[in-house]
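S.K.: Go ahead and model the full structure; you've got the sequences and the hints to work with.
Protein chains in written order, with the working numbering: chain A, 1 to 306; chain B, 1 to 308; chain C, 1 to 300; chain D, 1 to 503.
Please keep in mind that the hints were generated in silico from the structure rather than gathered at the bench. Treat the hints loosely; a few may be bogus.
Quick list of in silico lysine to any residue cross-link-like pairs, SDA-like style, CA-CA up to 20 Å [stated by the list, open to error]:
{"id": "1", "chain 1": "B", "residue 1": "K152", "chain 2": "C", "residue 2": "V123"}
{"id": "2", "chain 1": "B", "residue 1": "K166", "chain 2": "A", "residue 2": "G112"}
{"id": "3", "chain 1": "B", "residue 1": "K15", "chain 2": "B", "residue 2": "Q54"}
{"id": "4", "chain 1": "A", "residue 1": "K189", "chain 2": "D", "residue 2": "D100"}
{"id": "5", "chain 1": "B", "residue 1": "K15", "chain 2": "B", "residue 2": "S43"}
{"id": "6", "chain 1": "B", "residue 1": "K35", "chain 2": "A", "residue 2": "F261"}
Small disclaimer: the values here were computed from a predicted structure and weren't measured.
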Amino acid sequence: MTSGVEAFLEGVVRTATPLALAALGETVTERSGVINIGLEGSIIAGALGAVVGAAHGGVWAGFAFGAMCGCAVAAIFAVFAVTLRADQIISGTAVTLLALGGTGTLYRVLYGSAGAALNTPTLGPMPVPLLSRIPLIGPALFAQPSITYVLYALVPAVSWWMYRTHSGLGLRAIGENPAAAIAAGVRTKRVQFMAVLFGGFLGGVSGATLVLAQAGTFVEGMSAGRGFIAIAIVVLGRWNPLGAVLAALVFGAASALQFFFQATGSSLPYQLFLVFPYALTLVALAATRGRTSAPAALGRQNLDQG
Amino acid sequence: GAPVENRKPVTNQFKVALVTTGPISDQGWNAGAYKGLLMIRDSLGARISNVQTQTPAEIDENFRQYGAQSYNLVFGHGFEYQDPAIRVAPSFPMTAFATTSGTRTAPNVAGVTFAFSDGAYLAGIVAGAASHSGVIGTIGGTQVPPVVAAFKAFEAGARSVNPNVKLLTAYVGNWEDASAAKEQAMAQIARGADVIFQDADAAGLGVFQAARQAKTVRVIGSNSDQNEVAPEVTLGSVVIDLPRAMMMIARDVRNNTFKGHVYQLGDADGVVLWVANPKLAGEVSPATVARLDAAKKVIDAGTLKVPE
Amino acid sequence: MTETLAFVMDMLVHATPLIVAGLAVAIAFRAGIWNIGADGQLIAGATAAAWIGVSTSTEIGWLALPLALIAGAIAGGAWAAIAAWLRSRFGVLEVISTIMLNFIAIYGVSYLVRGPLQEPTHVYPQTSSIVTGAHMPTLVAGTRLHWGFVIALVLAVTAWWVMRYSAAGFRIRASGANPFAARSAGLINVSRVTSVAFIVSGAIAGIAGAIEVSGVTFALYENISPGYGYTAIAVALLAGLNPLGVIGTGILFGALETAAGTMQRNIGVPATTASVIEAVVILAVIAVAQLRVHRATSVA
Amino acid sequence: MPPIASVCRGLLSRHQQVSDDVSDVALQLASITKRFGRVAALSSAAFLARRGTVHALLGENGAGKTTLMRIAFGMLRPDSGSISVNGVGQSFASPADAIDAGIGMVHQHFTLVPAMTVTENIALGGRGIFRPTRTRDAISALAEKTGLAIDPDARIEDLSAGAQQRVEILKALARDTRILILDEPTAVLTPLEARELLRKTRELISDGRTAILITHKIRDALEFADDITVLRRGTTVWTGSASNATEAGLVSAMLGGESALDDSDAHSGAIVSNGAVVMSLRNVSVRDEIDVERLSSVTLSIHAGEIVGIAAVEGNGQRELLRVLAGRVGATVGEVTIPPVVGFIPEDRQRDALIRDFTVRDNVALLGAGARNGVMPWSDIRADARELLHDYDVRASGDTVRAGTLSGGNQQKLVVGREIEGSHTALVAENPSRGLDVQAAAAIRVRIRAARTAGMAVVIYSPDLDEVLALADRVVVLCAGKASEAPMEYEAIGRAMLGLSGR
Ligand SMILES: Nc1ncnc2c1ncn2[C@@H]1O[C@H](COP(=O)(O)OP(=O)(O)OP(=O)(O)O)[C@@H](O)[C@H]1O
Ligand SMILES: Nc1ncnc2c1ncn2[C@@H]1O[C@H](COP(=O)(O)OP(=O)(O)OP(=O)(O)O)[C@@H](O)[C@H]1O
Ligand SMILES: [Mg+2]
Ligand SMILES: [Mg+2]
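M.R.: The structure is reproduced here in structure tokens:
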């Protein structure tokens, strides 16, 4: 049996994992100047896709199908926000509504209108030999479901791509000044489309993680606002991959503290605990003041340069 | 001649509507009510309609629309519906409004309260006896009156077996975040809880998952019979037979015996039940079973005051 | 009352908070402030209005209504002022602080309706009903349509006029469109202008909440806003941030919500499917609008 | 010079013959038409650049030069007409296609990413792995080779307009560009830098590359270009060899036969004003955000009725001095006395002076917006705007068009006009003739002198010392943040600018 602190730290990483995955993808999307409010939609689609996929081919098929579903939702968003250059916020809002309603509808079609308590196979913790023995942080970081290790690998990979390849450079330039990127020969729409798809892919993986590494079931609306939290985490993480993961951990820690405090049997109003992650995020933002560098052209679809 | 059968208002068709605040696929509170609505359709031949309201503002709108369409009975499934029902009902005297968890009444407004506490008290007895650690947990969706009452009764039941039992309570903050509910359960397990009573609808499914992972922890389900969700860790479920309750009211309306009063339905009416999981019957000692039977008798006789 | 008339009335009732919150968003966005927090500001306004509504004596009569609206505006403005202060003092981006403040407002109400503001029997998580003096009068007898809709229209026209014809409105637009030029060429105190615009935006969102309580719910519940503040963003953007346009797009979204209810009630379309239909309509609207723009321009 | 029309015909037919030998033609644009709404920016414009030449493209502000070249670079699609590169017909969907075809362009309005470094900006658009160190070294080498000094690690937003211009040029050169389009590359460079750049451009074409140079400096065109094309109101009115052209002839082609406004005999430098002190600095120092001292203990008085020229090598504090005088930046220490309203023409018009998404009228309304109360007097503003468009010859189809749609020079005229007309006591101008055609530049000089004569105190800076000398009554030289008075003499000022003391 692990100690209380270790259990708490494990909870931190567990809670942070789906948020970090989604935020990592959204970081890439936002760096291309596109803010995808429809991320919530990709997450919920990923969750339903995971249930369906896992029912047919096991856990990893669940992840694969969940990621595909997340991608598909993002593709709808991209057609409107990137191809047609419709307003990103409206498109994202509509896509979220579409995906929340769509997954609900499909779920009822597949499993009956009163729902069914689905049981999917789940990933148990997979301790890494040696590393998981490190006192305190070992179990938290290295006795997690394997999807967490995928996240660990993704962070340096995405960072490397973003900062050490020309396509990554192009991506960042579009987010800062699309006119400059266009003038330099970057194929803006193509890059943005791919960036949105990548964000949707990880959003789908995030939703699949909720099902396949955590809840073990699908529930309508189970994304429960994580897409929006992930967007906030991207800001807190200052639009870079490592920052996103660290910010997700801050948020995860605040949530785990919330769980911890409620479990102490305290008589304080529970809303005080529920509000904790949000209040802490505000404090963290104020404390880490300084140059916050949002991609300058984030959310602005007007690429006309006079 | 032109077909006229659809033109004529079907004045004599019995029409029943259900308004819920959450999705009817929540496998709990709202799903039960929807099953009740389907049962009313199937056994009373009623025409049914169902709406999910997002916000208090939409409640009046739906009540008025149903009233205007001469629905015979409208269920408002939750305490939120009682004020709007009182407000709207005078304009539609031919429509009966029934609000679950409501206590305010008017000539055509009835409240329906479930003595969910009866079942929860019994569940508390089982939990108190089953817990080795002396720590038991309760996890709710949000802190709404029926959940608060259920947890109090559960605690009282557990204390009747083990006066020193320690109760942990957590609220998820919503009814659908199964992942967060699982984390709440794991946090309680880390604090020693080994029996957890969940009343969080769909989110509560995460609690079963936590117990599964922990293996030695037991869960008690609620609202519907959840014994099959995770048979290897579920001691039993506190079931509200919402279809049965709704049928009773619908029959009253159809037979013109509906009165604007509060329907108080519990164990004795067969509406609130403790359903033990037969697969884990071995974990409940004969002494506990005897206690349960005794408590049930006292409850049905109305002499046990389960704390509300 | 005919079905159509009933539909129109419900549509306008739905549209009212969306128009008012949409104005709040439009003004903020015009000032270059990404106020995602209209929802929290609306909730703050609703809370303050409900507090006035349950705590004033009935003797003050109809004065309770203006008091409630003013309280709503102050509370909404104050809620926005937190984000404005975090922005100017600590450089915290308002996109994120306002989202956080939305959650905090939601849990704040959740606490208040179970704590200090709970109805006297202490059973239900809601306040008791507000005094009748705080009720918004009905606009069309026999329907739910209340004077709040008229207030929304007046606010929209006022906002339009202010943005177009007043020096203050011009400063807001200039600061939002190019803060550097506004500062250098217009000698505008950009940070003050945007802070004030932010707070005014919050106050308007607060009024939306106050109108909702005094005209529709008559008590404070924890889920008083189903995300009005988020829908308001779409309402404002679809209107091109033009306050007069917000009336139209607010009514459009009100119609979608009402239609979603009608579909569920009368045709048995499940709530989830109704959302899908709503989303498809929104996407179709922006696609058509966008294709028209594409045809009109030829920028590569 | 023969009549334009016949020359034009002759040259075009000459090119027709030449273009039979396709290998000789680098870029050809034939009967290009482009409309923006009701405005016809180009109507049947023709352009042909021979391989291995420098080709100058001339025309007044708003003639369509930028538009034509943006079409060649794939940024705009023509309504009709054809593009061919090396004799092969092309249809560019985006600049990426043009770049693939070997075309590079240095834009009139910078297209750089402000938040990125010089290195990153130059690497933009490349493929594969990005190695910052390697790119940095390559940039240093290129900077060395071309004489365009730049710090590869500097962030663009911290650079002056001149430095940004050098980055733009390096960016275009860093690629293996076969056809290089330069849209007013020298507008913010010092004459020395400009000559250096043009010399390098000539070197560059020696291996068969082609350069197209948009400029308002006709002498540069005559000296450095092989061929010249003149656009007027969207149509090609003259094209031919530079050796066949004269300055007067080109100007007359640009202006459609009218003769240019000549202000060269305007009296300058002789009057030393004895008007009242309007602006004064006493021991003023300015430190920037990173606490570097930019101005150190400057004491200076500007009187009514004089034009004070500021001469400085870029980065010696002239930016800060101008902004302190204009009241746009506060002094860190020292005493600043300036009138409440000082007209200010900043170098970066698109960032600091204009709101591109606003109409011309709204941009006029920007003047004094900070202090205005109550209702906007829109009808007065409309009248002012229209008067300004007329008086300053701003070519716009009305006062309700978006300012961003004006040509660069016309944006400049709008800003200059607004600031001159809006201030009555003091004016600070930073490179006011940036991007103006000869005619417009002369007109602006006339306006500034008139303002001085009317009693205004004027401070003017330009990277081009000739321009400063043409206007100023006296000159203040800034070197390393310190100010000193210098005699009105080219050589002496030049030495003072470099901090070389002694006469
Ligand atoms: N950008 C603006 N902001 C605010 N008010 C404006 C703006 N533009 C115009 N107005 C107001 O609208 C009125 C009519 O403007 P409109 O654009 O029709 O004028 P116009 O077409 O340029 O001139 P005319 O009336 O001579 O045709 C103006 O007198 C002014 O009061
Ligand atoms: N995006 C646009 N929308 C509308 N009009 C435009 C746009 N771009 C250019 N124009 C118009 O086309 C004409 C030609 O502009 P262009 O920028 O090509 O001139 P130019 O010769 O480069 O002038 P300058 O020397 O001032 O830079 C101008 O009248 C300008 O207002
Ligand atoms: Mg130009
Ligand atoms: Mg007009």
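S.K.: Are the hints correct? Go through all of them and say.
M.R.: Hints, one by one, checked against the model:
{"no.": "1", "hint": "B/K152 - C/V123", "result": "holds, 13 Å"}
{"no.": "2", "hint": "B/K166 - A/G112", "result": "violated, 39 Å"}
{"no.": "3", "hint": "B/K15 - B/Q54", "result": "violated, 23 Å"}
{"no.": "4", "hint": "A/K189 - D/D100", "result": "holds, 17 Å"}
{"no.": "5", "hint": "B/K15 - B/S43", "result": "holds, 13 Å"}
{"no.": "6", "hint": "B/K35 - A/F261", "result": "violated, 37 Å"}
When held up to the earlier numbered hints, the structure conflicts with 2, 3 and 6 and fits the remainder.
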